[in-house]
Amino acid sequence: MEIYWVLGIPLAGGLFLALWGNRGNAPEINALFSLLTLLAAAALTARIVAEGPIMVGDGWFFIDSFNVFLVALTAFVAFTTALFSRPYMRIEKEHGRLNDQRLRLYHASYQIFIGAMLLALTTNNMGILWVSMEGATLATVLLVSLYRTPASLEAAWKYFILCGVGIAQALFGTILLYFAAEKVLGAGGTALLWTHLNGVKEQLEPTVLSLAFVFLLVGYGTKVGLAPLHNWLPDAHAEGPTPISAVLSGLLLNVALYAVMRSKVLVDGALGTDLAGNLMMGFGLLSVVVAAFLIKRQTDVKRMFAYSSIEHMGLVTFAFGMGGAVASFAGLLHMTMHSLTKSAIFFAVGHATQSAGTQLMDGIRGLIKTHPTIGWSLMLGTVAILGVPPFGVFASEFLIITTAMHEHPWATPFLLTALGVAFASIFGKVQPMVFGETELPRLPHQPALTPVFVHLGLVLMLGLFIPPYLADWYRQAAALLGG
Amino acid sequence: MALSYTLQVVNLLAALLLLIAFAMLSQRRIAGLVTLFAWQGGALAASTAIVAWSTGQHHLYYSAVLTVVLKVVAMPWYFFRLIKRLDVDREVEPMINIPTTMLIGIVLVIFAFNLALPISQMAGTVTRSTLGIAMASVLLAFLMMITRSKAIPQVIGFLAMENGLFFAATSASYGMPLVVEMGVALDVLVGVFVLGIFFFQIRETFDSLDLKHMEKLKER
Amino acid sequence: MTTGILLQVLQTLLAILLAPLLMGWVNQCRAWLQGRSAPPITQPYRVIRKLFHKDAVIAHDASPLFRFAPYMIFACMALAAGIVPTIVNDLPFSPAADVIALVGIFALARVFLALAAMDIGTSFGTLGARREMLISFLAEPALLMVFFTASLISQSTELPVIVETLAHKQFVIYPSLAFAAVAFWMVSTAENARIPVDNPTTHLELTMIHEAMILEYSARHLALIEWAVALKLFVYSALGIALFLPWGIAQAGDLAALPLAVLALLGKLLAGGAGLAFLETISAKMRLFRAPEFLGTAFLLAVLGMLTHFILEV
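Chains as they are written, first to last, in this note's numbering: chain A, 1 to 483; chain B, 1001 to 1220; chain C, 2001 to 2314.
To be clear, the hints were calculated from the coordinates, so they are not data collected in a lab. Values in this document were obtained by computation on a predicted structure and should not be read as measured data. Every residue gets a Cβ at the ideal spot worked out from N, C-alpha and C, and that includes glycine. Hints may be right or wrong, so weigh each one.
[What the hints assert, rightly or not] Listed next, with one range per pair, are the computed distances between beta-carbon atoms:
1. A:206 to B:1077: 44 to 52 Å
2. A:96 to B:1028: 53 to 61 Å
3. A:96 to B:1213: 23 to 31 Å
4. A:200 to B:1077: 38 to 46 Å
[As the list claims (entries may be wrong)] Some chain C residues flagged as far from chain B (calculated, every beta-carbon gap over 10 Å):
5. 2046
6. 2054
7. 2107
8. 2130
9. 2172
10. 2175
11. 2176
12. 2178
13. 2182
14. 2246
15. 2261
16. 2262
17. 2292
18. 2296
19. 2308
Here chain A stands alone, though its shape is the one from the complex (with noise of 0.2 Å):
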């Protein structure tokens, strides 16, 4: 039951906000929405904890420990960023820069962008995921855009494009995982169910699912952002409004991740070999080196984070390529500690960038004197992803390249070069953009800064100690991958 209220609450919201979204306390009722839809997240968090998974709804929905996890921590982001964009939004308009029409146009997308995450993240059917997943773009391709500057308008041309003609290669994916399921389990709806496939994987056909498998990666891997496809991200995140890059960040390239997890499943029952861990492992190598480099020449301060985001997500995909039951632990745990901390550090982004009036970093500066808690916040989030301990992403980075070298020694220089650099240059950025000297003006509003802090001290907390029933939950989810 509990499913229907987490789809239907940020679709009513979306609905909403569409009709009266140019009420002045629009932001607060997004804010309302999403603590509703992360309530009704909670209680089915609750629910699959103690009964395992379910199915719903005729066999449409189907969550397991694996996805439930995923919906809890989009819900919780989804709020917590919703709760930033309150202040942030209300002085992009008073610096003139939004108007109530992009407003309620930014309200009303945003909480249909959760929504149709949320039914990505729980659809049963591999085909409704790529319909969810479509509409998760088409969604944010608005807000992309929402400032109306050139460059923003090129980015979101950019990533519908991209992202459109990547979700084409995983529409024939999906085509071709349908036309090798029907020949096992007959033609109609029930053929596309991830439940049903998965209960025949052995069956079905190796060549035409490694064939499906290749698009299927390429199509979501490009939402993923892994490398060679990542030209969009960086784009779309560094030209939309902040609370947008937190959520694309933090949520929107672990649902296109899950898709590609949920396809490999089937994928490795099917085939037998290690196709399908072997490809995401070389993609996800290619994208932490590449964004590594990357990170070095950027001047924009979203964009570097950006690049930082593909750096991640291509550590994880690496790590789900592994396979084995502590390497999918490690990357369940880096996408979370990923998603919170990458969050926070776009909230202090969002809050420095509007009180220097630019997000370029060399006029970003000596923020510890102007205002302590952005600076501080933008420091610790900084320290927490580049995987300084005792931050939960230092847990997470180094149970995955301690089972690279264990696996894979191989790939252990690239990675540990890759980390080295993106270390150097992230921290040699940011550094200055907190302790240099500045002139600039304090902002006349008090920032949002609780979420920032909740999202920290939850990585902090995890890097120190995973409460029991966390680990066995994570636990579940990795064996569910094939640990």
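Once you've looked at the hints, dock chains B and C against the given chain A.
Frame of chain A; chains B and C shown alone:
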């Protein structure tokens, strides 16, 4: 050749689809491109309907009707209106000259045929041989997208790609489950309208729909 | 055997005599479509007759080749008309009716025309010859490709066999022929100097190709060339009919089907001529430098037809 006439007609329509995909590659005017797109939708709908009729797969009729409504009537109409309102029916200006594009196209067709051969041998459907054609039209549409610099041709390329994918679904496995097809159609529709809004934004900001103006965001 | 020879002679004569009529019909249709008052359908005959009654004027420095060329061209076309099946299939000349040989015959005629055009040494002649060579150099491979596509189906390059397979065996739709047909139309416009590649009615030096080559001819030579041009159009139409619409062509020795075959041929020519006129009316003459692109497209289409044959029809 033991195929029945209906299936031969499907084959013919498949060939027509491919022919139109090539015609799109060589088309220089945007209005012509839209017309060709409508024709392609027509061929797709006709072949879907014939497959539905000859195999008794009734849900394919819905898909055919959907195609006619969306891709033959609604979208071309909308595009023509856009072209008129934005006043953009000039030459399309490919980034690579057209004969080269066509040559690349032929190579893509050969590639697609080779790729589809092992799969189509496995397919149980009577229309399986058209799978290669579907793949070829997807790749050709893709080629069109990457060689055109104007916004509307790129989108038409995108939609033509969708056409090819639908055709692939029909020929490989008598279409997807109806829910999925409806969902896909909805996405496409929403996408086109989002883009419609988008065109006006681009136009307002750049005074043109030429994407050559959009080259600021390059990796430095 | 005698009936065979008789029929062969009959078919060839019919082609030679009907050819100007087809030309007249196309011109008439075009005039109608363009809203002009049409010349009578027999106008080409009158022109030819008028030209035969005139005295020939030949440049002083013309070599014998210049005089000889019109006869050669006419002979080539007449031979081609003899071997393409129009009303009866499988005649005594049929073994010669190989499509590759046919392309060769056309090429021979073209070489003579181009040589004769250059022979006088006027600038227009050489210009026309060069342009003609450019066009034909691109058109020939495309034409061969079209023929190969058609011959893949019947596993033979002999026209009678192709006609036999298409018209008298079980009816099958060949999608590859759809590609080939479009390509064939494109090639024929180029080869017959029609719009959009060339315009047979202008004498504008910037654009003319074919007309530039025959500017120096007069009287009976010009008449022969004009006749050969009409004949070439007829042969191409007959080829198109044989490859893509062969139904109605009588089988060998089937005399009873003969009247019907003649009627069918007339019907198809009427429709085809009207179609040609229609296409010429709606399209515009393209710039000369677009022609390579146009013919390249024809070639690609023919290749595509061949590929389609392999994926759909094997």
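Structure versus earlier hints, numbers of those that do not hold, lowest first = 2, 9, 10, 11, 12, 13, 17, 18, 19
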